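Participant: Here is what each chain is made of, one letter per residue.
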Amino acid sequence: MDTTDISGHWRLPAPRPVALAVWRRNVRVWRRLMLPSLVLNFGEPFLYLLGLGFGLGQFIGEMEGIGYFAFLASGLVASSGMMVASYEGIYSVYTRMVPQKTYDGMLATPVRIDDIVAGEMLWCATKGTISGSAILIVATLLGAVAGVEALLCLPLLFLVGLAFAGPAIAVSAVAPSYDFFSYYITLVMTPMFILCGVFYPVSSLPEAAQHAVLVLPLTHAVALIRPLVTGAPLSDVTMHLGVLTGFAVVGFYVAVALVRRRFVV
Amino acid sequence: MTPLSEDSPYVVEARRLVKRFGANTVVDGIDLRVPRGGCFGLLGPNGAGKTTTLRMILGHSPPSGGALTVLGEAMPAAGRTVRARIGVVPQDDNLDPDFTVMENLRVYASYFPRPAREPLEPYLMSLLDFVALADRAEDRIQALSGGMRRRLVIARALVNDPELLILDEPTTGLDPQIRHLIWARLRELKNHGTTVLLTTHYMEEAERLCDRLAIIDHGRLLAEDAPRRLVAGEVEPNVIEVRTGPGAPPPAELVRHARLEAVDGVWHCHTEDPGAVLAVLQRSPELEYLHRPANLEDVFLRLTGRELRE
Chain A
0 MDTTDISGHW
10 RLPAPRPVAL
20 AVWRRNVRVW
30 RRLMLPSLVL
40 NFGEPFLYLL
50 GLGFGLGQFI
60 GEMEGIGYFA
70 FLASGLVASS
80 GMMVASYEGI
90 YSVYTRMVPQ
100 KTYDGMLATP
110 VRIDDIVAGE
120 MLWCATKGTI
130 SGSAILIVAT
140 LLGAVAGVEA
150 LLCLPLLFLV
160 GLAFAGPAIA
170 VSAVAPSYDF
180 FSYYITLVMT
190 PMFILCGVFY
200 PVSSLPEAAQ
210 HAVLVLPLTH
220 AVALIRPLVT
230 GAPLSDVTMH
240 LGVLTGFAVV
250 GFYVAVALVR
260 RRFVV
Chain B
0 MTPLSEDSPY
10 VVEARRLVKR
20 FGANTVVDGI
30 DLRVPRGGCF
40 GLLGPNGAGK
50 TTTLRMILGH
60 SPPSGGALTV
70 LGEAMPAAGR
80 TVRARIGVVP
90 QDDNLDPDFT
100 VMENLRVYAS
110 YFPRPAREPL
120 EPYLMSLLDF
130 VALADRAEDR
140 IQALSGGMRR
150 RLVIARALVN
160 DPELLILDEP
170 TTGLDPQIRH
180 LIWARLRELK
190 NHGTTVLLTT
200 HYMEEAERLC
210 DRLAIIDHGR
220 LLAEDAPRRL
230 VAGEVEPNVI
240 EVRTGPGAPP
250 PAELVRHARL
260 EAVDGVWHCH
270 TEDPGAVLAV
280 LQRSPELEYL
290 HRPANLEDVF
300 LRLTGRELRE
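Here the protein sequences line up with chains A and B, keeping their order.
Numbering that gives the first Met the number 0 numbers the first residue of the first sequence as 0 and each following residue consecutively.
Numbering that gives the first Met the number 0 numbers the first residue of the second sequence as 0 and each following residue consecutively.
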């Protein structure tokens, strides 16, 4: 491949408003399958909350001065934002990108790869927000939400979704097949789910591990969402927002470059 | 390399166009001029460089060398604005399986900066009508046959009322009825002033539809002209096929009157003087033969050879 092509792939993205047409296309598809999708969004966390929250909660009582049910519920709001945005960014994006050839169709129009990736990221974040909100609603009904400041979780969930969508789309762009996603799930998503403070405070990890998890975006998502849900004091807001924004921006850039590499040859 | 002016008579102009993938040169210095109006065909065997050339024309593949202007603008830089004025029918079906027939058009139209016609819905309906799918507007894509899908892809390529319609092997794998319907529609578009650019490896399609043909192979342009003139200019006007059986030599005298070519036990005698060839054959009544006018396939095989391409 010519070196000019490579620098071409890595030039700065410049998405346009037509990205919203890509987002609307996905909304249209989702509306068709809304019911099963919402059942999944509400059902799974409901099971987690009931099973783990009430079951484990009886033995644990409080964690960091928060009732375990609320502690877990707030953690699951964040992790669900991660999971749903990531799964959309791998399986669904890959389906549109490769077997379904949806991108080939779009690219025959004035839509460019920059626009497609921007639209896909907005959609992944939208789905993550819907899913996180579902848990928030369940948690509210079960009395685990402290106050109205929990509404700030909504824009935050959108940012969390963007932070995970970029890396997930980048993984799709280099994936040779669906099997490839097992690596990403096993080596990246599951460790975050377990280590980043969803089920227990990060402070209970060994000290080296406490520093290590600071580079993972889910740690920062939990650190922001948990206080908003449970009414605990917020700290280091700028750093948390900064890390999440960094993942969103760098993720977008890398995803655009890798999708270009896949399509522009 | 001066850019073309807006009123250029050519919708596509390629000069010494090259595309390399590593050490592999797929398009090897093609000069191509597609005039505005009419139907232009790129004819070539599999792997000749047809699809790669189309990808460069659409701005999806940066050329490795040469200059390329499409609708008067330099490619691939002007890709976005040029694609707003082009319709594309790809080789593979990439309709959106999550949508109905009509939704496919609606969603596709939303990718263009402004609707081709206001209001849009009646225009989209007229496109479905044009490809004989008006009664399937609310059907899911899965319910359509291969021929219906191809027609829908053609309707979809027209949502922006394009100046140039590009089709990559538009009738491959379709039955004759559908093929004729598609040819009729493409002729109609042509008569309304749309320039049609297509790739094909069907001689019949090239002969019936195209006003001009470029025959390409191994990334090079071998010949370019009107189909009839290609036949007149590249091969002798008559072909007499003589069946001798595999390995058997032809009557010796034939060499004086015709260019001979052995094809699986049949000698193709390409000749300006069919009378002389036939006179020789009269003396060997045991030989079966077929006398026919030369056609585009003879030109194609003469220029691209007979070895198999897969």
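These aren't lab readings, by the way, just hints derived from the structure by calculation.
Values in this document were obtained by computation on a predicted structure and should not be read as measured data.
Even glycine gets a Cβ: it sits at the ideal position worked out from N, Cα and C.
Mixed in with the good hints there might be a few duds.
Stated by the list, open to error - Derived coverage of chain A by chain B (criterion: at least 3 residues anywhere in the stretch with Cβ under 8 Å from a Cβ of chain B; other residues may be distant): (1) 98-111; (2) 228-241.
What the hints assert, rightly or not - FRET-style restraints, in silico, Cβ to Cβ: (3) 7/A <-> 15/B: 48 to 58 Å; (4) 175/A <-> 142/B: 31 to 41 Å; (5) 189/A <-> 112/B: 38 to 48 Å.
Unchecked claim - One side only, chain B facing chain A, incomplete, derived with CB under 10 Å: (6) 75; (7) 86; (8) 98; (9) 111.
Participant: Each hint should be assessed against the structure and marked as holding or not.
Facilitator: Outcome of the hint check:
1. 98-111: holds (count 12)
2. 228-241: violated (count 0)
3. 7/A <-> 15/B: 48 to 58 Å: With Cβ atoms ~21 Å apart, the hint is violated.
4. 175/A <-> 142/B: 31 to 41 Å: Check passed, 32 Å falls within 31 to 41 Å.
5. 189/A <-> 112/B: 38 to 48 Å: holds (43 Å)
6. 75: Hint on residue 75/B: holds, closest Cβ of chain A at ~9 Å, below 10 Å.
7. 86: Given a least distance of 8 Å, the restraint on residue 86/B holds.
8. 98: OK, holds: residue 98/B within 10 Å of chain A, min 7 Å.
9. 111: holds (6 Å)
In the structure shown, a violation is registered for the earlier hints numbered 2 and 3, in ascending order.
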